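J.: This is what each chain is made of:
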Amino acid sequence: MGNLVSKLSLSRRDLLLLLAFGAAVLLMPLWLSPFGAAYPDLLQKFVIYAIFAVGFNLLFGLTGYLSFGHAAFLGAGSYAAVWSFKLLSMDALPALIFAVAISGIFALVIGYLSLRRSGIYFSILTLAFAQMSYNLAYSVLTPITNGETGLQLALDDPRVLDRALGPQPEGLPVPHLLGLELTGYTGFFFCALVLILAFYITVKIFSSPFGLMLRAIKSNQNRMGYMGFDTKPYALTVFVISGMFAGLAGALLAITDPLAGAERMQWTASGEVVLMTILGGVGTLVGPALGAVVIKYFENIFSAFNDQILSNAFAFVPEGLRETVVAIVGKFVGEGWHLTLGLIFVLVVVFLPGGIMEGIRRIMSLFRRAQRPAKGAPARIQPAE
Amino acid sequence: MSTTERNVVLHVDDVHKNYGGLHALSDIDLEIEEGKTHAIIGPNGAGKSTLLNVIVGRIPPSKGAVVFDGQVLTGKKPHEINQLGVARVFQTPEIFPELSVLQNVMVPAFAKRDGAFKVHMMRLLDSEAGIREEAEHLLADVGLHERRDTHAGALSRGDKRRMELAMCLIQHPRLLLLDEPTAGMSRHDTNTTIELLKKIKARGMTKIIIEHDMHVVFSLADRISVLAGGRVIVEGLPDEVRGNPKVQEAYLGGAH
Ligand SMILES: Nc1ncnc2c1ncn2[C@@H]1O[C@H](COP(=O)(O)OP(=O)(O)O)[C@@H](O)[C@H]1O
Ligand SMILES: [Mg+2]
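Quick note, the sequences are listed as chains A and B, same order.
For the first sequence, our numbering begins at 1 and goes up steadily by one.
For the second sequence, our numbering begins at 386 and goes up steadily by one.
No wet-lab data here; the hints were simulated from the structure.
Only a predicted model underlies this, so the values are computations on that prediction, with no experimental measurement involved.
This list has only true hints and no planted wrong ones.
As a list, the in silico EDC-like pairs of lysine to aspartate or glutamate whose alpha-carbon atoms are at most 16 Å apart:
1) A:K218 with B:E483
2) B:K586 with B:D526
3) A:K232 with B:D499
4) A:K204 with B:E513
Let's have the full structure, built from the sequences with the hints guiding it.
T.: If you want it as structure tokens, here you go:
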């Protein structure tokens with residue numbers, strides 16, 4: 001027992017980080033309200049995509065293997081959760097367990113095949129498998145995915161566990177946790193707790209010998225061989241863990257909105273998690289979660305704009321010119337929000353390759369330098385890697 | 386040379402390696418005794434590194450086989466060969482530049498412990514089981530203890546070599562292969578390394594060492610093979626090799 005406790009414990013530094021992270025997540029409704037983002041639907045998205053990105057970073061950040069197909073596991077998690085609602089119970093726990101198991105098995109198969117190659121070939125293989133899954137969801141697999149309509153709950157779903165426990169209420173049921181309905185802020189706090197748990201696992205992996213080995217794979221895979229290390233099974237293990245995180249996120253999407261569609265598996269969704277991770281800071285603990293929040297926030301704001309809102313915003317521009325301005329700006333908002341996303345991404349990669357976390361580090365070191373101005377240390381133009 | 390009274394741990398048996406028409410290695414036969422230090426010397430391009438590459442499984446020989454302690458190494462993967470107890474320092478340092486010096490030395494110890502994948506994730510998740518202490522100890526031995534938190538990529542070439550030596554030693558290999566371990570080191574560091582290698586020898590580790598610095602070779606070697614043009618031209622005790630006219634000739638570029 002004491003042994004188990006010591007296995008699960010964190011170093012002092014990691015514990016403080018976990019506590020700070022947990023507090024920041026749970027207090028999101030407070031500190032995000034000045035940004036107009038403090039409503040449950042959006043907050044849920046923040047934490048769910050943070051789980052997705054944190055898990056993606058376990059693979060990409062630690063081993064350097066860049067998967068371009070991670071949305072496939074997210075989608076699989078969503079489908080599995082909705083099926084759990086339909087067949088078993090509206091309770092969230094079976095849905096989560098089922099989704100993590102299915103996406104884990106799915107990741108095992110795709111990872112086993114893709115990890116036979118490295119570098120760009122690995123990326124292309126993952127992309128190809130994800131696109132195949134996406135297409136299959138619309139064709140052969142429609143009995144499971146319900147094709148373009150998406151998989152939904154129905155009044156006559158079996159829900160064997162729920163029905164065995166008693167009569168069912170009228171109308172479509174709502175996902176719950178041991179009777180507690182997971183809607184609104186309850187839904188958000190549930191997702192937030194899952195994120196904190198996922199973050200704890202991540203911290204644990206980062207600080208363990210296992211994490212060190214994964215980093216060594218990224219640094220010099222060849223050398224690992226000459227020291228007796230068979231890298232493949234370790235890379236596959238973290239690929240599966242990472243796929244399970246994606247499945248977990250997919251299940252939470254279904255729990256907060258019991259519906260699953262194949263568009264969640266599309267390559268744009270896979271690309272988005274790459275962007276979140278790089279924007280926040282590859283290989284850092286907090287960065288990917290931060291990147292997820294930033295991207296989902298801007299997506300929410302920019303995609304809500306339409307020409308009407310823009311016309312009002314540019315009311316000060318004289319008539320005639322206004323149409324042109326609105327037409328140009330309009331390309332970057334609403335449906336065109338991906339254009340803005342692309343721009344943000346280019347700017348970050350060019351000017352801040354370490355992402356937001358590197359930006360924060362630079363600002364902190366500026367402050368530290370400002371506190372000791374007498375030291376005539378030469379300004380560093382290139383940051384150390 | 387009878388094998389009976391000698392305890393031969395490594396056999397290189399009629400190994401050939403051709404690159405297209407180039408015979409990088411021809412007819413190589415070597416027997417290395419347990420606990421001994423065997424030096425391989427010879428001019429540049431003689432095939433010394435190629436021979437080590439064949440032993441550790443980095444390149445397959447065109448013909449012939451390598452047998453270590455009764456096991457055929459030829460055809461095995463590098464990680465399998467290492468797991469049998471063969472470690473190597475490379476001619477160009479092969480390290481983990483993004484990790485700290487201490488981490489560089491810890492990784493091979495974890496690799497030895499857990500490299501053959503078994504499902505013991507929990508062990509990998511927490512226990513360092515004395516490995517950190519041993520790594521620090523070895524870093525002190527090679528004189529890098531003060532630099533243990535530096536990024537390994539920032540070390541000088543000589544320091545990288547010494548670190549790589551520590552990376553090999555922490556695995557407690559039975560056979561250690563060293564490809565020019567003192568190249569790029571100052572005289573002082575070279576002498577420290579010689580002392581360190583002598584200390585390891587006292588622990589009974591078998592070594593093959595490739596070296597240009599004759600001071601190092603004659604300080605350490607029990608036997609010497611001279612390679613030129615991919616062939617062993619002379620093999621014997623240091624004193625036999627020292628005065629051999631063929632060796633002078635090979636170094637003056639007269640081989641083949
Ligand atoms: N991958 C390769 N392809 C072609 N030729 C090679 C290759 N590696 C080594 N050689 C050649 O084999 C010979 C022996 O090289 P090497 O073993 O590195 O010599 P040494 O270590 O004794 O200086 C050289 O002539 C070298 O050019
Ligand atoms: Mg060489």
